[in-house]
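Number of protein chains: 4
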Amino acid sequence: MTDTTLRKLRYAMVGGGRDAFIGAVHRKAMALDGQIEFVAGALSSSPDKARASGRDLGLADDRNHGDWQTLLADELKRPADERIDFVSIVTPNHVHFPVAQAFADAGFHVVCDKPLVHTRDQADALVATVAKQGTVFGVTYNYTGYPMVRQAREMVRSGQLGDIRKIVVEYNQGWLASHVEGSGSNKQADWRTDPARSGAAGAIGDIGSHAENLVASITGLEIESLCADLTAHVPGRMLDDDGSLLLRFKGGARGVLIASQISTGLENDLRLRISGSLGTLEWHQEQPSQLVHLPHDGPKRIFTRGGPWLCEAARRASRLPTGHPEGFIEAFANIYAGVAADIRARLAGQPADPLAADYPRVEDGARGVRFIERTVASAQSQLKWTPW
Amino acid sequence: MTDTTLRKLRYAMVGGGRDAFIGAVHRKAMALDGQIEFVAGALSSSPDKARASGRDLGLADDRNHGDWQTLLADELKRPADERIDFVSIVTPNHVHFPVAQAFADAGFHVVCDKPLVHTRDQADALVATVAKQGTVFGVTYNYTGYPMVRQAREMVRSGQLGDIRKIVVEYNQGWLASHVEGSGSNKQADWRTDPARSGAAGAIGDIGSHAENLVASITGLEIESLCADLTAHVPGRMLDDDGSLLLRFKGGARGVLIASQISTGLENDLRLRISGSLGTLEWHQEQPSQLVHLPHDGPKRIFTRGGPWLCEAARRASRLPTGHPEGFIEAFANIYAGVAADIRARLAGQPADPLAADYPRVEDGARGVRFIERTVASAQSQLKWTPW
Amino acid sequence: MTDTTLRKLRYAMVGGGRDAFIGAVHRKAMALDGQIEFVAGALSSSPDKARASGRDLGLADDRNHGDWQTLLADELKRPADERIDFVSIVTPNHVHFPVAQAFADAGFHVVCDKPLVHTRDQADALVATVAKQGTVFGVTYNYTGYPMVRQAREMVRSGQLGDIRKIVVEYNQGWLASHVEGSGSNKQADWRTDPARSGAAGAIGDIGSHAENLVASITGLEIESLCADLTAHVPGRMLDDDGSLLLRFKGGARGVLIASQISTGLENDLRLRISGSLGTLEWHQEQPSQLVHLPHDGPKRIFTRGGPWLCEAARRASRLPTGHPEGFIEAFANIYAGVAADIRARLAGQPADPLAADYPRVEDGARGVRFIERTVASAQSQLKWTPW
Amino acid sequence: MTDTTLRKLRYAMVGGGRDAFIGAVHRKAMALDGQIEFVAGALSSSPDKARASGRDLGLADDRNHGDWQTLLADELKRPADERIDFVSIVTPNHVHFPVAQAFADAGFHVVCDKPLVHTRDQADALVATVAKQGTVFGVTYNYTGYPMVRQAREMVRSGQLGDIRKIVVEYNQGWLASHVEGSGSNKQADWRTDPARSGAAGAIGDIGSHAENLVASITGLEIESLCADLTAHVPGRMLDDDGSLLLRFKGGARGVLIASQISTGLENDLRLRISGSLGTLEWHQEQPSQLVHLPHDGPKRIFTRGGPWLCEAARRASRLPTGHPEGFIEAFANIYAGVAADIRARLAGQPADPLAADYPRVEDGARGVRFIERTVASAQSQLKWTPW
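Residue numbers (this note's numbering), protein chains in the order written: chain A, 26 to 413; chain B, 26 to 413; chain C, 26 to 413; chain D, 26 to 413.
Calculated directly from the structure, the hints in this document are not laboratory data. Honestly, I wouldn't trust all of these hints.
To be verified - Calculated cross-link-like contacts (lysine-lysine; reagent style DSBU-like; alpha-carbon spacing at most 30 Å):
#1 C/K212 to C/K74
#2 C/K33 to B/K33
#3 D/K33 to A/K102
#4 C/K102 to B/K33
#5 A/K33 to D/K33
#6 D/K74 to A/K33
#7 C/K33 to B/K212
#8 B/K33 to C/K157
#9 D/K33 to A/K74
#10 A/K33 to D/K212
Unchecked claim - Here are the computed distance ranges between Cβ atoms for each label pair:
#11 A/K157 to C/P346: 55 to 61 Å
#12 B/G209 to C/A153: 51 to 57 Å
#13 B/R182 to C/D73: 42 to 48 Å
#14 B/D86 to C/D73: 40 to 46 Å
#15 B/Q315 to C/R43: 30 to 36 Å
#16 D/W410 to C/V205: 27 to 33 Å
Claimed, not checked - Which stretches of chain D does chain B cover? Using the computed rule of at least three CB atoms under 8 Å from a CB of chain B, they are:
#17 314-325
#18 328-342
Since the model is a prediction, treat every value here as computed from it, not as a measurement. Beta carbons: idealized from backbone N, C-alpha and C, even for Gly.
With these hints in hand, go ahead and build the complete structure from the sequences.
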């Protein structure tokens, strides 16, 4: 009998072959802790490229497929102790839905990149399928995997900031400040600025949705209405490369969300400020191990990853002593660790430890799709407020 | 004959007596360089307090008045070589207009704090009076006195950022996060949250107008339309204590302006980011001697006050070698130095050197009044865009 | 009868004329608060330049002297209600002693720049004179005027750091990284690298003595022995432009002191770290309003100037609300405010309030002279430890 | 025939079992890129704990050994296509020598943690053995694996700083500020403060040797003489917990090296400043993706990991786009990637690409041992300078 607490979980990857960016990050994140094993794949929409990519990565020939349909069929034929535990979907956005739906429908656990799908109908269908199957479905809103984001969540939810009044979240990049798409030399730019592959929004979908998720996962507040201004600054661009939103949350909090990919010189500038009646928190992804707490009635405090005074969720999400920098891959690995804990719990027939199974789920992905849809609707409206 | 290039300029102050905050800052700023002399005043709306405050500050009895009307009448009677060169108005906002109008109308040069007046009609009247008299009229948008703000202006205007696309300006404070007004113990809170004395807006008028001025003075861009959400978060408060705006500028730039006085723990967090097609600038008032330049095609650069590679306007606005911190009072003093240079030029019958007479004028003050009015109108509108 | 609590104190300046740097800083610092008045001077060692400089600054002709001896003689002839209250000596170092000694001997209060004098004998003589006269004698170790330095002093002396174990103090500049002296174009470099005018040490005397004073004034610890390595990196330079010391303090603390004027690109990088058994403090002159406290048992805290939770000495040394930057001139002004408080107390025949009369005294200056002498002795010794 | 460019390299680990700290970091670093496989081990000096640890980590029973001698004997018996490619030694310091010597002598490639061994004789023996065998021997001075450290090396070595004049390197931690050893609850403290296991030095060996290596690897400068003050501040501690050194380098550069484990509140504060005649570089391990360049003749520049303008060595050492934080594990993985490249080159019978085989070698480890020995000798000497 397999000891499910010890064996490595097995996964297949769809997408993430040669020239891809984020697939390698997923693989490194899963490799990091030695608990998850890469055993199968369909790594590109081009069968030849898919197989070449799989050979690069050492996949066995009989599990290195030219398309995801073949991969799925093959896995279903394999015995349980060889079959993958889950699939990781890291394709461009437009491919997420058919793959996720098919694997979930077949009873596999799924991890899918964000934004989840293109439409609310697709999102609703996926949520329903996952509910019916009772399977695990993680969405890699990876920034919520940072320990200090979890510390922020704990501080907000336990009332340390008092009533939340103002939220300012920004996600600024500069890499799309000129017309780099369409030249064939920048595959990332090509598909992310193409409505057919990226969806109805550009910067708002690609990075704005991370900002939305960060706010929602930390505060639990629901957007009541929003007011968006989206722009394509670069001539000839088909999707927004810059957007700003006013937000109203249920309960009275107000907010601003900025997502920009034409902010020249900015790198991966995701930053958040949450002010409540008792204090403010600030977090910046480029210095992820710091969480700044500004109490209304005392000096500023800086919490750092690794401190024994952090909440358990933050402490569990940390691998190294304080002062030894952890980064993006570790945060990503924390999302996968949460998915893995949930899968292992199901394998063991036990309820998952909520502190262990800490990851964004299909419902979070669906909410993100709605955010994109409502933002695009607002951008086209003459009225100030578009309801959620 | 008086040698106007050497003698100290003489000023009277209206407002700024005991318990005031900003009056003392104006006096220190004027004293700093030894070029401006405090000779007369009407330092409070209460005659007794006015005179007591003047005695504290060493005013001669015959120039220490109980009200500004008496001060004005007395100055008009004095011989030219004794009379004040200008008046500095540092009262609560509602008193600005009558005093400024009366002194300007009498031919005196004027420096007035911001926001200039309560209404567009008042602003138009003042602009007309100053134009008619040909006098100097400075408005203490003091943040434009920082050397690195002037360096930013030079870099934007000379095209070093390319086409301006996105502007994010924030001015966050936390001192009004609880209901401190009305207790009698916080005079600043009392009048700044009172519509009769502060005007139609709270945070937007008090600090949002600084943010508007900072953007306008650096970029020269004109707002085409705006969309505002204003809130009074603290129960019982009569004016907004928090506001967020989307901005559209003529020429296509987009912007966000945030002004908040309920951002707990934040001190005087005025910060600006301007992104153009070639690069981005970032400036933060709490580290005023740094200007961060992020070129699209090279590593980040940090310009610091005092560097020989700065523009002449920035170098002239600096007193100390690099690394020796200058601050708020020096920036304030630079505004007064600009006013003084303009007055001295007129005394000498010569055109002013534009690099010396570098200060915000009555038209800047009038534009700030319009900004407040348009913001309040937008906040009350159901339509997304309120035209300028 | 003169009301000494209200009238401005009167001072004469020796040195600080055209081309000087620090004299103007002293004058601005004294002007800032409107409590001290500039009435007389001998502003250069060249009589013509002295008088021209005094005319620039608006000195009356009969108090604008060509040399300090004439100034002193003239003041002694004037009636008490016109005579200066103190003299401020801002000449190159070699002139400090004769001027300070003469004015102190004549019963005047004195403020003198640092390093106080060239030799221990001179320092001892001055200390004796001041003790005999019972006069005020301030030394402008200006960095101790920063509010957060006073907060650090309070935290260390009240035991919040526990037993002090390690002190690292650095003062790094880059302006002498090339051979700028002797060309006639850099008066500051000329005299500061000339043993006849600067004294036995270069960087150690000019800036190392500030570092020594900062440590002593904050901790009160006494150096037991030291070990110095001094170097002149720039070919042809006559005095050290870079030095590093190991320090042993009475009671067991260890330290490192670095002073360098060839640290290219560094501006005025005076920084201090003090670690005790319970916590560490960090302060950096270029961000003077922050004091970082790292407790052994909790998250980092950042104290900022203006916070109501600061000690009274820090609060008194502050003019503006938190977040409104104060800088070098304000710190300088705090030293003068301490001197002024002490002089006013004597004028009133009352003991000075220690919190008000907070400034470095002639004994601090004498200790600084000893520090320079012992450092130079150590640099010439083959033995590791040179006793204090 | 095995394709050595594709197959994963196989390694065994000695040390790193339950309760160890650094072993897990080595394993994660090797797992990260999917190029190195963990196949065998002797994970503790206690046979039972060794085997239990191996089971935790999924080692096959026949390669999970109770002691390193058995591991070595077993590997020598295995066929080449199954045998480990190298051993990774992550034991306490005193075990390094016998294990490294035995494996190297048997012809295995070796990676060993630092400090390499206890004595110069041991170091010389190891260097000789490796030279004789012609094998790969890496020492995990992991901080040299950071991309921006490699960028610093390129900038210094290519002359961008001019002649190097001053080097200040500090490595400060606070975790040994109280007497935590000996209680049985802190295994790391226990062996690192025990001369029998840690060696002749405490903080100097544990972290000072990293500082020495960082300076040497970036600048290539050789220490000519040094002057050390070592202290055990915590009562009862057997080894230094704090040390400061003055350094003189061949060619005239001067330096200061500080290593402290009693700097309360400091986390893993390794920082370096190198000043040359043309500019200064600053790097701080806690913000490893930034390299600050202060030219003598222009504004400060901040290079960040991922920029296309970095040198090739820095670009190769990077996995993620700029702004996506990489940290300690990635730097560690870069050392292993260098070792792996060198091993693969030998497997392929080809010379290694120097840019790929970029890692600290046995000679660097030997120099580190000498540094510790010379520092301890200096600390016991009355003379200022102890020659290298």
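We went through each hint and held it up to the structure:
1. C/K212 to C/K74: holds (14 Å)
2. C/K33 to B/K33: Judged against 30 Å, a Cα distance of about 18 Å means the pair holds.
3. D/K33 to A/K102: holds (28 Å)
4. C/K102 to B/K33: With Cα atoms ~28 Å apart, C/K102 and B/K33 stay inside 30 Å; holds.
5. A/K33 to D/K33: holds (18 Å)
6. D/K74 to A/K33: Within the cut-off at roughly 22 Å; holds.
7. C/K33 to B/K212: Measuring from Cα to Cα gives roughly 29 Å; hence the hint holds.
8. B/K33 to C/K157: Distance of about 41 Å is beyond 30 Å: violated.
9. D/K33 to A/K74: holds (22 Å)
10. A/K33 to D/K212: holds (29 Å)
11. A/K157 to C/P346: 55 to 61 Å: Holds - the Cβ-Cβ distance for A/K157 and C/P346, about 60 Å, lies within 55 to 61 Å.
12. B/G209 to C/A153: 51 to 57 Å: With Cβ atoms ~55 Å apart, the hint holds.
13. B/R182 to C/D73: 42 to 48 Å: holds (44 Å)
14. B/D86 to C/D73: 40 to 46 Å: holds (41 Å)
15. B/Q315 to C/R43: 30 to 36 Å: holds (31 Å)
16. D/W410 to C/V205: 27 to 33 Å: Given range 27 to 33 Å: holds, Cβ gap about 31 Å.
17. 314-325: holds (count 4)
18. 328-342: holds (count 4)
Checked against the numbered hints above, the structure breaks only hint 8 and satisfies the rest.
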